[in-house]
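The whole structure should be built from the sequences, with the hints applied where relevant.
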Amino acid sequence: MALVISFLAAAVVAGTPLLFATLGEVITERAGNLNLGVEGMMLMGAVAGFTVGLTTKSVILALLAAMAAGAAGALIFAFLTITLRANHVVSGLTLTIFGSGVSTMLGKGLVGKVTPDNVKAFFSPVAIPGLSKIPFVGPIFFKQDPFVYLGYVLAILLGIYLYNTKAGLNLRAVGENPAAADAASINITLYKYIHVLLGGALCGLGGAYLSLVYVPAWQENVTAGRGWIAIALVIFSTWSPYKAIFGSYLFGGLDIIGFRLQGTNIHVSQYVFDMLPYLVTIIVLVVVSTRKNKKNAPPQGLGVPYFREER
Amino acid sequence: MALFRFVKRSEVNGKTSTKIRVIAILLALIASGIFILLLKENPISVYGSMIKGSFGDPYKVKQTMIKAIPLVITSLGISIAFKMQFWNIGGEGQIIMGAFCASGIALKFPSMPKPLLLILMVIGGIIGGGLWSLIPAFFKAKWKTNETIVTLMMNYIALKWVTYLQYGPWKDPKAMGFPKIANFSDNAVLPKLFGIHIGWVIALAMVVIVYIFMNKTKKGYEVSVLGESENTARYAGININKTIIIALFISGGLCGLTGMIQASAVSNTLSTEIAGGVGYTAIIVSWLSFLSAPAILLVSILFAALLQGGAFIQIVYGIPNAAALIIQAMILFFVLGSEFFVRYKLVIKKELTVEGGQE
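Respectively, the protein sequence lines represent chains R and L.
Per my numbering, the first sequence starts with residue 8, numbered consecutively.
Per my numbering, the second sequence starts with residue 189, numbered consecutively.
Please note: incorrect hints may appear among the correct ones.
Partial list, derived from the structure: chain L residues whose beta carbon lies under 10 angstroms from chain R [what the hints assert, rightly or not]:
#, residue
1, I345
2, K359
3, I434
4, W475
Short derived list, chain L residues pointing at chain R, Cβ under 10 angstroms [said to hold, decoys possible]:
#, residue
5, K196
6, G202
7, F270
8, P324
9, T333
10, T351
11, S455
12, I503
13, Y505
14, P508
15, F521
16, E527
These are calculated hints, taken from the structure and not from any lab test.
Each residue gets a CB set at the ideal place from its N, CA and C atoms; glycine is no exception.
The following block contains the structure:
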């Protein structure tokens, strides 16, 4: 039992960077922009957050830097796809290549460096009084580091924003049918820019969690495909921030299962387990695509450039 | 009231669009130059060294060509899928699986006569890469499963698979515990022609074949139609699923062929570094070439020069070769953005007269 609890608690930790990136991509796609640059923005956030954390030893500045870096990547994508109506898929792919180049380049001097002690201390687990005493659930969800809690709060806030506020309704309209939203005098360009940038900032945070807290040292290409898994998780969670929580932790679990099973009496090669998150992503995508209904469908205007003159 | 607005150009003038694209690439080089300045180096001398590093002497030219070969063939493969609006970003995995199949044959029959063994390896490579891309193609045809992510996930699976082989069942016992797969016998190594392995002849042949396939055959035309509009394709009586499957087998098969060539001629073995990012660079190359085979040949050589030059400036200036990656992305960003100015033109609004109306 203790083993199961410790495994599930670790799954939540491993799923947290995925959650941030997935939430970022959910709001990006809700605005009708398919940004495949998640991996790149995460890497940019990882390197910016780590560099600033290392030099200033300030948690707040590190997180702000990570968000700014992610948003800067998203800004390139936003300018290309929103203002210049470039192809979303290729723009996003290029952003991933750009981001991995930037992070490798700026990270050259960081190899071997570890997260400063005070930052590490800030992100050490804190038990929430009361809640952490709940049997089973408590130790899994409420004895975690502050970043994990931030993940819960963000997911719920974004869910409320999306489904229970006027701005959220407008956002969904922009993603579903920009022409109609435009006719209802919603500022399409502004909505798209804000949410694509916010999405990028969240991806940047996800990356910073990996480098500052999860590893916690500089490691080249620290994301290892998590950005792509996040994009798949958006589909898996049918563009809902609430379901993103579940999906992220599930994949967090898959990420660590191979490592956890080492030393037990289950003998399967570690490399086979390393394939698991990628394999399950494919299976999930296939299963989701076989069950087509309107509720699970992507925003209708996803990936389609909007140009008022061409309605 | 806006003082200017964008109007769709009534026709796209070839000269204007070339001019805009050239300006875009120049701007990209200037932007990259600013980036190099930030690294406290002189951009002009860095660019100069890159050219020297890639074309400076016959040896360097050869190295550049060796880097161009996998780019040409993989980009050709990617371009066929992209033409169909099938976003195959699984080139990397398809290269690896092609290399895996070819290597399996090479290691199993080391003493088979050279021509026979090489032909078998080529077939193995094509089938390995082709089958690997058929998996996402099948899901796409059957359930419209998002191919972008599936092809990408399969890159990681292919990579883990070769890692498993390299550290496990295929580990060379003679390598004294070092995790590497045994080198091929001489029979499994592609011969050279004019100092460069024969892959360059294969690459040139593939440019011609893919050009003919895409422009002169019915199937190639069907691929283009399907890329333009699925509905049009359906009305025209094109068998959509069959077209997706055939096009993707060719797309993945070409990537697999790259894998065979790299394993046989370049590394003489299979390793986790066999694809080395070619599958991703090929996406940029084929997009910059507007998915046209002859342009792919040219752009691949330029990108190979960028990679080779990038490796050179790493030695000379200590600038990490990730800089080459950034410059590549920068060029593509600018070209992507420039497409807008190819399609639209800026019109300065004169006074509100005939058009009238108030905003």
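Outcome of the hint check:
{"no.": "1", "hint": "I345", "verdict": "holds (5 angstroms)"}
{"no.": "2", "hint": "K359", "verdict": "violated (12 angstroms)"}
{"no.": "3", "hint": "I434", "verdict": "violated (21 angstroms)"}
{"no.": "4", "hint": "W475", "verdict": "holds (5 angstroms)"}
{"no.": "5", "hint": "K196", "verdict": "holds (7 angstroms)"}
{"no.": "6", "hint": "G202", "verdict": "violated (21 angstroms)"}
{"no.": "7", "hint": "F270", "verdict": "holds (9 angstroms)"}
{"no.": "8", "hint": "P324", "verdict": "holds (8 angstroms)"}
{"no.": "9", "hint": "T333", "verdict": "holds (4 angstroms)"}
{"no.": "10", "hint": "T351", "verdict": "holds (5 angstroms)"}
{"no.": "11", "hint": "S455", "verdict": "violated (20 angstroms)"}
{"no.": "12", "hint": "I503", "verdict": "violated (15 angstroms)"}
{"no.": "13", "hint": "Y505", "verdict": "violated (13 angstroms)"}
{"no.": "14", "hint": "P508", "verdict": "holds (5 angstroms)"}
{"no.": "15", "hint": "F521", "verdict": "holds (6 angstroms)"}
{"no.": "16", "hint": "E527", "verdict": "holds (6 angstroms)"}
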